[in-house]
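A.B. asks: What follows is each chain in one-letter form.
There are 2 protein chains.
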Amino acid sequence: MNKRAHNFSAGPCTLPLECLEEAQKEFVNYHDTGMSLIEMSHRGKHFVEVANDAMRLCMEVFEVPDEFSVLFLQGGAIMQFSMVPMNLLVPGKKAGYVHSGTWAKGAITDAKAYGDVYIAWNGEQCGYTRMPDSGEIEIQDDTRYLHITTNETIEGIRYPNWPDVGVPLVGDMSSEYMARPVPWEKFDLIYGGAQKNLGPSGLCVVFVRKSILEHTNSHMGRYLRYDVHESKTSMFNTPPVFSIYMLGKVLKWMKKEGGLKVMESRAAEKAGLLYDTIDQSGGYYSCPVDVACRSHMNVVFRLPSEELEQQFLAEAGQNDLMHLKGHRSVGGCRASIYNALPRASVEALCSFMSDFLSRNG
Amino acid sequence: MNKRAHNFSAGPCTLPLECLEEAQKEFVNYHDTGMSLIEMSHRGKHFVEVANDAMRLCMEVFEVPDEFSVLFLQGGAIMQFSMVPMNLLVPGKKAGYVHSGTWAKGAITDAKAYGDVYIAWNGEQCGYTRMPDSGEIEIQDDTRYLHITTNETIEGIRYPNWPDVGVPLVGDMSSEYMARPVPWEKFDLIYGGAQKNLGPSGLCVVFVRKSILEHTNSHMGRYLRYDVHESKTSMFNTPPVFSIYMLGKVLKWMKKEGGLKVMESRAAEKAGLLYDTIDQSGGYYSCPVDVACRSHMNVVFRLPSEELEQQFLAEAGQNDLMHLKGHRSVGGCRASIYNALPRASVEALCSFMSDFLSRNG
Chain A
75 MNKRAHNFSA GPCTLPLECL EEAQKEFVNY HDTGMSLIEM SHRGKHFVEV
125 ANDAMRLCME VFEVPDEFSV LFLQGGAIMQ FSMVPMNLLV PGKKAGYVHS
175 GTWAKGAITD AKAYGDVYIA WNGEQCGYTR MPDSGEIEIQ DDTRYLHITT
225 NETIEGIRYP NWPDVGVPLV GDMSSEYMAR PVPWEKFDLI YGGAQKNLGP
275 SGLCVVFVRK SILEHTNSHM GRYLRYDVHE SKTSMFNTPP VFSIYMLGKV
325 LKWMKKEGGL KVMESRAAEK AGLLYDTIDQ SGGYYSCPVD VACRSHMNVV
375 FRLPSEELEQ QFLAEAGQND LMHLKGHRSV GGCRASIYNA LPRASVEALC
425 SFMSDFLSRN G
Chain B
75 MNKRAHNFSA GPCTLPLECL EEAQKEFVNY HDTGMSLIEM SHRGKHFVEV
125 ANDAMRLCME VFEVPDEFSV LFLQGGAIMQ FSMVPMNLLV PGKKAGYVHS
175 GTWAKGAITD AKAYGDVYIA WNGEQCGYTR MPDSGEIEIQ DDTRYLHITT
225 NETIEGIRYP NWPDVGVPLV GDMSSEYMAR PVPWEKFDLI YGGAQKNLGP
275 SGLCVVFVRK SILEHTNSHM GRYLRYDVHE SKTSMFNTPP VFSIYMLGKV
325 LKWMKKEGGL KVMESRAAEK AGLLYDTIDQ SGGYYSCPVD VACRSHMNVV
375 FRLPSEELEQ QFLAEAGQND LMHLKGHRSV GGCRASIYNA LPRASVEALC
425 SFMSDFLSRN G
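Protein sequences appear in the order of chains A and B.
Just so we're aligned, residue 75 is where the first sequence starts under the working numbering, counting upward by one.
Just so we're aligned, residue 75 is where the second sequence starts under the working numbering, counting upward by one.
None of the hints are false.
One copy or any two copies: either way a pair holds, since identical chains are not told apart in the list.
Lysine to any residue pairs mimicking SDA-like chemistry, simulated, CA-CA at most 25 Å apart: (1) Lys77 - Lys119; (2) Lys168 - Ala187; (3) Lys335 - Asp140; (4) Lys179 - Phe310; (5) Lys77 - Asp106; (6) Lys119 - Asn76.
In case anyone wonders, no lab produced these hints; they're calculated from the structure.
I would like the entire structure built from these sequences, with the hints used as guidance.
C.D. replies: And the structure:
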C-alpha cells in the first residue's frame with residue numbers, strides 16, 4: 075500500500091491512486107513490447123490506440139455533442155490566451171472579456187495583442203468576489219465572442235449560472251474541467267490545462283465547434299491554427315505522449331466512478347463540508363467570496379491573522395495536509411478539491427480545522 | 075530484468091533503461107512524500123529542484139557558455155518554427171533559410187507568415203542528399219539570421235562543417251541535440267524537441283543568446299515571447315513536469331557516461347558500423363546520401379525493391395528490431411540511433427542485415 079498525503083494542490087494536483095499504480099506497473103515494459111510507451115513512435119499502433127481512446131473518452135465523459143472536436147495541444151491554457159483571439163478574432167470583429175480575476179486578466183492581456191478587445195464586465199470593484207449576472211455583462215456590436223473564465227482558481231469563484239448574452243461563449247474551464255455539465259449550445263470553444271482534473275501538466279485540452287473552423291484566421295504558423303490540429307486529429311506534430319496516456323487513465327476512472335454527474339455531486343458535497351466548517355466557525359475562518367459564486371474546486375479562506383495562517387499551514391503540513399497555502403498573489407489559505415481528491419481528505423481537513431480552532435480560537 | 079527491444083524509432087525513441095527503472099521506482103510515492111512528482115505543485119520545492127537540476131545539466135552537458143539561457147517550452151520544435159521569426163524577425167530585417175529537407179521546409183512555411191523570408195540555399199535539385207558548403211549559401215542584405223536544420227531526420231543528412239556566413243545562425247537541432255559539440259559563437263538560438271536524444275515528448279529545449287532578448291518583438295501573447303520565459307526561468311506557466319523530470323535523468327546519465335564528447339564518438343562509431351554494412355553489401359543496401367553529409371543519428375537506406383523492403387521490415391520486427399520503417403513521405407528504411415541506443419542494438423541490426431542479404435541477395 076502506497077503512502078498517500080492529503081494533496082490540496084491547485085495544480086498539478088492529486089490523481090487517482092489506481093491510475094498512478096497502473097502506470098507505474100506498465101512504465102518500463104509497455105504491454106510486453108520491450109519498450110516504454112514514452113519510447114514508442116507516436117504514429118505506432120500502441121500510442122495511436124491510447125490517443126484515440128483518450129479522445130473518445132473526452133467526448134463521452136464530458137458529454138460533448140458531435141458538433142465539437144477535441145484537440146490535444148501544448149503550452150497550457152496560457153497558450154490559448156493567444157490562440158483564441160489569433161484564430162477567432164477576424165477583421166471587423168471585437169472580443170468581449172469578463173474580467174473576473176487573475177486568470178481572466180491574463181487572457182485579456184494576451185488577447186489585446188491580436189485585435190479589438192473590450193472588458194464586458196469588471197470584477198475589480200467587488201474585489202473579484204463574485205461572477206456577473208448575465209444582465210451585467212455589456213456586449214458591444216460586432217462581438218465575435220465573449221470570453222469567460224468559468225472558475226477562477228486563485229479567487230475561488232465560479233459562475234452559478236452560465237451567462238446568456240446572445241453571442242458565442244469561449245470558456246477557460248481549466249480548474250473545473252469535467253466537474254460540471256456544460257451547456258454546449260452556448261459555446262464555440264472551451265479550453266483548459268489538464269493538470270487539475272484531467273492528468274499531469276503538459277497538455278491542454280480544447281473543444282472547438284467544428285463549423286467555426288472554416289472562418290478562422292489562417293495567416294500564422296501552423297502550430298497556432300486550430301484548423302490544422304483538427305484536420306490532423308491532433309497528430310500534426312509529436313504530441314505530449316505521457317500526458318495523453320495519463321489523461322486516458324483518469325478519464326477511464328471518471329467513467330467507472332459514474333461520470334460527470336457523479337463528479338459534480340461529489341464536488342458539491344466536498345465543497346459543502348468545507349464551506350460548512352468555515353461558516354460554522356463563528357467567523358474564525360472566513361471566505362471572502364459571495365456565497366452564490368463559491369467555487370466547488372478551489373475553496374479560499376482566511377484566518378484571523380497572518381500569523382495564525384502561518385501556524386495553520388505549518389501544523390497542517392505536519393498532519394500530511396499538503397499544499398494549502400493560498401496563491402502568492404493573494405495570500406491566505408486555499409484547498410483545491412479536484413475530482414480525484416478523496417472525500418476522506420476533505421473530512422481530514424475539516425476535522426483539523428475544527429481542532430485548530432478549538433486550540434487557537 | 076526488463077525485456078528490451080532494439081528500438082530504432084525516430085522519436086519518441088529509446089531512453090536509457092536505468093532512467094526508466096529509476097522513474098518507475100519513485101513514480102507513485104516520490105521521495106516518500108505520499109505524492110507522485112506529477113501531482114505536486116510546480117512551484118513546490120521538489121519540482122523546483124528537479125527543474126533547476128535539469129537546467130544546470132543542460133548547460134553543463136551541452137557545454138553552453140554563460141551568454142546563453144536555456145528555456146523549457148512546449149509545442150515541439152514546430153512551435154519554434156513560429157516563435158523564432160515572431161521574436162527575432164524585427165521590422166526592416168529578413169531571414170534566410172537553408173532548405174535542406176522536410177523539416178527545413180516546415181520551418182520556412184511557418185516563418186513566411188511573420189516577415190520577409192528567403193531561401194538561402196535549396197537542396198531540391200540534389201534531392202536533399204547533402205547540406206550546402208558555406209560558399210553556396212547566399213546571404214542577402216539586412217539578414218537578421220540564417221536558419222539551418224542541423225540534421226534532417228527524414229533525409230538522414232547533417233552538416234559535416236558548420237556554416238560560416240557572417241550572420242547569426244539559428245539552428246533546429248532536434249535530431250542531433252547533445253550528440254555533437256556546437257560552435258556557440260556562431261549561434262543566436264538553438265532549439266529542438268526533447269523526444270530524440272533528451273527524453274519524452276512534450277518538451278522543447280531552447281538555448282537563446284541573452285543579449286538578443288532586448289531586441290526581440292514584444293507585441294504578442296506572452297507565451298510566445300522568449301523574453302517572458304527567460305525572465306521567469308521557464309516558470310511563466312505550468313511546465314511539462316514529467317518531461318523535464320525525465321530530461322534531468324537522461325542528462326545525468328549522459329554526464330555519467332562521459333558527456334558530449336563520448337556521445338559524439340559513440341554516435342560516430344555506431345553510424346560507422348551501419349554505413350560500413352551498407353557500403354560493403356555490394357549495392358544490395360544503398361544510402362542515397364552524400365558520404366560527407368551522412369547523419370550520425372538517422373541512417374537511411376534502401377533495398378533493391380520495395381517488396382524486399384517490406385520483407386526486411388517484417389523479419390526485422392520478428393527479431394525485435396523495431397521501428398525501422400522509413401518516414402512515410404520517403405519510404406525505404408531508417409535506423410535512428412540516438413544517444414541512448416546501445417551499440418549492441420546496432421550490432422544486432424548489422425548482423426541481421428548481413429544475414430538477410432545472404433538469404434535474399
